[in-house]
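Please arrange chain B on chain A, whose structure you already have, making use of the hints.
One line per chain: the protein sequences are A and B, in this order.
Residue 267 in the numbering used here sits at position 278 of the first sequence; the count goes up by one each step and never skips.
Residue 356 in the numbering used here sits at position 367 of the second sequence; the count goes up by one each step and never skips.
Hints listed in this document are in silico derivations from the structure and should not be mistaken for laboratory results.
Just so you know, not all the hints are guaranteed correct.
Since the list gives no way to pick one copy over another, a pair counts as held whenever it fits inside one copy or between any two copies.
Said to hold, decoys possible - Here are the simulated lysine-lysine pairs, BS3-like style, with alpha carbons at most 27 angstroms apart:
(1) 463 x 35
(2) 194 x 236
(3) 463 x 20
(4) 11 x 236
(5) 20 x 292
(6) 402 x 448
2 protein chains.
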Amino acid sequence: MSYEKSLGTVDTHYFHMDEDLKLETGDILKKPTIAYETYGVLNNEKSNVILVCHALTGDAHAAGWHNGDKKPGWWDIIIGPGKPLDTNRYFIICSNVIGSCKGTTGPSDINPDTGDYYGLDFPIVTITDMVHAQKKLIDHLEIPYLYCVVGGSMGGMQVLQWTLSYPDIVRNAIMIASGAYSTPQQIAFNAVERRSIIEDVNWNKGDYYHTDKRPEQGLSVARMMAHITYLSNESMYEKFGRRLQDKNTFSYDFSNEFQVESYLEHQGVTFTQRFDANSYLYLTKALDYFDIRNNNSLEEALKPITARMLIMSISSDWLYTHEHMEDIVMALRSNNVDVSYSRLNSEYGHDAFLIENGQMNYIISNFLSKARVKDVMSHKVITLTDGADIKEAAELMMTCNKTHIPIVDTNEKIVGLVTAWDLSKAIATNAENIEDIMTRNVYTCHENDSIFDITTKMKEHNISGLPVIDEEDKVIGSITTAHISNLLDK
Amino acid sequence: MSYEKSLGTVDTHYFHMDEDLKLETGDILKKPTIAYETYGVLNNEKSNVILVCHALTGDAHAAGWHNGDKKPGWWDIIIGPGKPLDTNRYFIICSNVIGSCKGTTGPSDINPDTGDYYGLDFPIVTITDMVHAQKKLIDHLEIPYLYCVVGGSMGGMQVLQWTLSYPDIVRNAIMIASGAYSTPQQIAFNAVERRSIIEDVNWNKGDYYHTDKRPEQGLSVARMMAHITYLSNESMYEKFGRRLQDKNTFSYDFSNEFQVESYLEHQGVTFTQRFDANSYLYLTKALDYFDIRNNNSLEEALKPITARMLIMSISSDWLYTHEHMEDIVMALRSNNVDVSYSRLNSEYGHDAFLIENGQMNYIISNFLSKARVKDVMSHKVITLTDGADIKEAAELMMTCNKTHIPIVDTNEKIVGLVTAWDLSKAIATNAENIEDIMTRNVYTCHENDSIFDITTKMKEHNISGLPVIDEEDKVIGSITTAHISNLLDK
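Next comes chain A alone, as it looks inside the complex (with noise of 0.2 angstroms):
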């Protein structure tokens, strides 16, 4: 297995939408556009999607290259052959979140009502709302559910709002450094980063894109404000300490002295040219009426998820709290849902889920490798009742291209198994009913059940497939080594 692996070139596609988008406010947002990537292939069952969700100034390019860069998406660490989402088993989506800036429709693009750009036109959005912009783009791509929903930060969020607003889509969620709901030091540095944007005075009430001015000082301001926020106090001494840039001594002026001040100016003024500032109001927005809680809550609000989870905290990301986090997965834990929390040992601060490749590879694979039974079968179910005759089984073993098929009783119940095998016996014993040549000793396994356990009886016993079986041992659907091995043998 090789980091080292590339997806090479993508491209970015355009969903564009035949119907409005209804908003949580009320409001409708006119067939808006969705940007998004798909890396890997998505395979004949269509049981090996991974839905990647993006933060706050993300974009659906999260991995390979475009033409001409110089440096590949954005969570290409974690993306690609034989990475931790596996372009070789996993059909990865990454799309860009309405409201932004990137390609789907957000505040600078053209409102159909008025064709003038949207500016403050454009509707509030909210998370629930880019939620439901993903699935109109799952359900165009005729993608049934989702193996997986990852996500950090603000895209941890969109994967929370999607086990809640989509239960039986979702069956596996990653959430990284992110929360439930945004707190108020959250809402704080977001206000002031929103001020100072709003205070510029080329931001003109949010109607700039018709001159050549844009309020770059404001947006440049925000971003270095935020910027401090995804570090912690221990990397950027690790990174730049008090060392002084290109100069040994202090000019004792309020120039950028130290190597942190050039840092965090630089990535201010580079924000401004691929970050629209009527976007980053938005979607800082849409971060502040985050709360998922019913009446405060966690419990009660996180009681629709039935989602195997992964909680993944950063311990010395202070924005979004490894405290938080454990209040997630206790919550969670009371409901009884499936739950695997993980800290992050990092001293990166809130960026470490751009950074921490090694451990994350090992988390994620780990809890990916863990999958249920529910999470990759055929929910298909294909039987025959225990009076049927051979002609029948033959015809219908051919017609579904299935070597085993389940004899159920009239209740439905199974008896048995009958194979290819079982009717070559038929033929040769002139045997005319089913009865006479299925297997009664037949194995079978529940759809709770770990993939691991029952790869493990299916090589003990040398075959192929199972069927998935109720409490009531009424026959749900069927898992073969296909259906796993396209996803996890490794």
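Relative to the frame of chain A, chain B by itself:
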């Protein structure tokens, strides 16, 4: 001991220096004015002086009330009759730092060289310069030494600098929620705050005093940002939660929706009414430059310190962390400095030093009550040699108004004590020589003895004064119950 008591009305005084202040950079600040306040009464021995150093945006008005004000000085919880810095015992001085805008010369004042406002012509000042200016004030007030120097945040830096620049003058020092150097994170926040001011079009390169426009937006954003760093996440949650301001539902726009937003904006706006933007630039720069280490060694740098130290950190302070304060304590201990350390248990974050009067009262009172002999002793040495005659002793006693005179040998070592009572005995017995009447069994103490211990000793033996001797038994001063009760009896 009542904490309800206030100093009542107080006034600010102004010390107009008649000499220039030489600055650390080599620049000169022409005859600055220093604004200061004093509370309590200077005792005859001038041994009860406590200098209070203020934080970034503080001023000389530390306690009591100015006419017409709605709230008292910034540390009224600590300073006053019966409070930890007890104005019934101590003579408290607090002066505004140079570079500020609260009465002491700063960039908003007139440059005597040009007759115009200083603006950016004001020289860069450092924490050391602030301390040197305070020393000029202390000299002007004819105060020989400081019983204690105390301050939090930037005030704590001044405290540390005092112990290093004037080790002979500082007896006790209390440093709260501060640091031995500014960390890159602190520099980063300061840099972004300055950037916000500098990018304000009304800042005009610091030359705005002639106009009616001030860089209020930039200064307001800077203050909002700084204010976040003074509070802990917990205290913000306690204070604001996610409650909305004057409404029950989201308005879904860019107004101040959350209470924390309104609070911060209010803090920003009121700050612009009381503080000069250029002073903010200069004082944050002074913070940035502060680093007392020698070649990155704290231990090396702290070697000059002779003061007894109290280091106080705040558990929830993430800007000036307790880890950093503990590094200072470790370095002091390895230098055998007499240092006490307390971590204030508070959820208020950095601002706790302006709030937690209960804990601070306990810790500070306890520290001050454990003073050493040298903190309050008289350094006047009055002795007689063992060859002296009775008449000489009687005359000396009358001249110096002393009831006890130590008798030393030719090596200046103490060999006895003669008291007024001994002289009466001489008259009764017609003795002529000191040796015939002096008490040979003399109680003494050393300058590092604890006041508490020697007070116990004096009470036990019913004596009102002790000679202070050095390691070679030479007399170096004296201490009396008057010295002690002045300061410490409670």
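Q: List in ascending order the numbers of the hints, as given earlier, that are violated by the structure.
A: Hints 3 and 5 are the ones this structure does not satisfy, whereas the remaining hints hold.
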